[in-house]
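Visitor: All chains should be modelled from the sequences, with the hints used to inform the complete structure.
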Amino acid sequence: FYGACILCVDDIGVQDILDDIHRPLVTYGFNEGSDVRATNITQKNRQMHFDVICKKYGQSFCVELNLIGRHNILNTLAAIGVACELDIGVDIIQSALKTFSGVARRLDYHGTLNIAERSVALFDDYGHHPNEINAVFESLYSTYQDRRLVVIFQPHRYSRTRDLFDDFARALSKADALILLDIYPASEQPIAHINSGTLADAIRQRSSLDPVVIKNTDEVLKVLPNIIQNNDVVLTLGAGDIHVLPALLTQEYAGS
238 FYGACILCVD
248 DIGVQDILDD
258 IHRPLVTYGF
268 NEGSDVRATN
278 ITQKNRQMHF
288 DVICKKYGQS
298 FCVELNLIGR
308 HNILNTLAAI
318 GVACELDIGV
328 DIIQSALKTF
338 SGVARRLDYH
348 GTLNIAERSV
358 ALFDDYGHHP
368 NEINAVFESL
378 YSTYQDRRLV
388 VIFQPHRYSR
398 TRDLFDDFAR
408 ALSKADALIL
418 LDIYPASEQP
428 IAHINSGTLA
438 DAIRQRSSLD
448 PVVIKNTDEV
458 LKVLPNIIQN
468 NDVVLTLGAG
478 DIHVLPALLT
488 QEYAGS
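With our numbering applied, the sequence shown corresponds to residues 238 to 493, in that order.
One should not assume that every hint holds.
Label-pair distances were calculated between CB atoms; the ranges are [as the list claims (entries may be wrong)]:
id: 1; residue 1: 478; residue 2: 278; range: 44 to 50 Å
id: 2; residue 1: 269; residue 2: 299; range: 16 to 22 Å
id: 3; residue 1: 351; residue 2: 269; range: 42 to 48 Å
id: 4; residue 1: 322; residue 2: 368; range: 22 to 28 Å
id: 5; residue 1: 481; residue 2: 434; range: 20 to 26 Å
id: 6; residue 1: 241; residue 2: 351; range: 36 to 42 Å
id: 7; residue 1: 447; residue 2: 382; range: 19 to 25 Å
id: 8; residue 1: 332; residue 2: 281; range: 16 to 22 Å
id: 9; residue 1: 467; residue 2: 281; range: 39 to 45 Å
id: 10; residue 1: 452; residue 2: 428; range: 14 to 20 Å
id: 11; residue 1: 251; residue 2: 299; range: 23 to 29 Å
id: 12; residue 1: 338; residue 2: 422; range: 29 to 35 Å
id: 13; residue 1: 260; residue 2: 349; range: 44 to 50 Å
id: 14; residue 1: 281; residue 2: 250; range: 29 to 35 Å
What the hints contain is simulated information worked out from the structure, not anything from laboratory work.
Where is the CB? At the ideal position from N, CA and C, for every residue including glycine.
Guide: Quick look at the structure:
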């Protein structure tokens, strides 16, 4: 092909294959050697500001982003790398990013709810892989440093839960409180000893966290008021039918 490869040079796997790629490259990341690099990163509430150094344009420019998390900065740098290859002007890049509100189910903010006379912030994310979970947790903990993170997670597929079992247990152990729904099968048949109960046991063995295991989204409305504290951050997480939960919670608790 005749296009360029847009590669995250911060990634160890990418670093390992760089010498074997004999095509035009545009690298991005936090690494000083990147063609498109982010520096001077600051965050205020749910908005990030940073400078982008672009080698092709021979200049740096500021970016205002209505998203949180280092992973979203990397995503932004990748998009900027493509834009630079297409000779899109800096002013257009800045304007587009300033008005970009993100994509559905990627750290979607659903506002503040009042549950049992306690105020909580509600977020929703599609993450269903341990690496995604780690990135989302890091973003929320860095934004709400003095607040607990209450996670409602629905594992997706028995095979994925089996293959990444220890990684899931390790990632989810970082929550302050955890509600586990039954695994969403996605047309798979059950696998012996792979379920949310055994995952909860693995989490208990590696941390002081005591997950609450429930069947479905309807049960969340029953158990959540007994778990949350004032000023908690509540995160609904997963790729199954948990996507209906933010609307259920908002309908039940918004303005209550």
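Visitor: Evaluate each hint against the coordinates.
Guide: Okay, the hints, checked on the actual structure:
1. 478 <-> 278: 44 to 50 Å: Violated - the Cβ-Cβ distance for residue 478 and residue 278, about 36 Å, lies outside 44 to 50 Å.
2. 269 <-> 299: 16 to 22 Å: Cβ of residue 269 to Cβ of residue 299: about 19 Å, so the range 16 to 22 Å holds.
3. 351 <-> 269: 42 to 48 Å: holds, 47 Å
4. 322 <-> 368: 22 to 28 Å: Because 27 Å falls inside the window, the suggested range holds.
5. 481 <-> 434: 20 to 26 Å: Given range 20 to 26 Å: holds, Cβ gap about 23 Å.
6. 241 <-> 351: 36 to 42 Å: About 50 Å separates the Cβ atoms of residue 241 and residue 351, which means 36 to 42 Å is violated.
7. 447 <-> 382: 19 to 25 Å: 23 Å Cβ-Cβ, so the 19 to 25 Å window holds.
8. 332 <-> 281: 16 to 22 Å: For residue 332 and residue 281 the Cβ distance comes to about 20 Å; the hint holds.
9. 467 <-> 281: 39 to 45 Å: About 23 Å separates the Cβ atoms of residue 467 and residue 281, which means 39 to 45 Å is violated.
10. 452 <-> 428: 14 to 20 Å: Given range 14 to 20 Å: holds, Cβ gap about 18 Å.
11. 251 <-> 299: 23 to 29 Å: Once the Cβ atoms are compared, 26 Å apart, the range 23 to 29 Å for residue 299 and residue 251 holds.
12. 338 <-> 422: 29 to 35 Å: Check passed, 32 Å falls within 29 to 35 Å.
13. 260 <-> 349: 44 to 50 Å: holds, 48 Å
14. 281 <-> 250: 29 to 35 Å: holds, 33 Å
Checked against the numbered hints listed earlier, the structure breaks hints 1, 6, 9; every other hint is satisfied.
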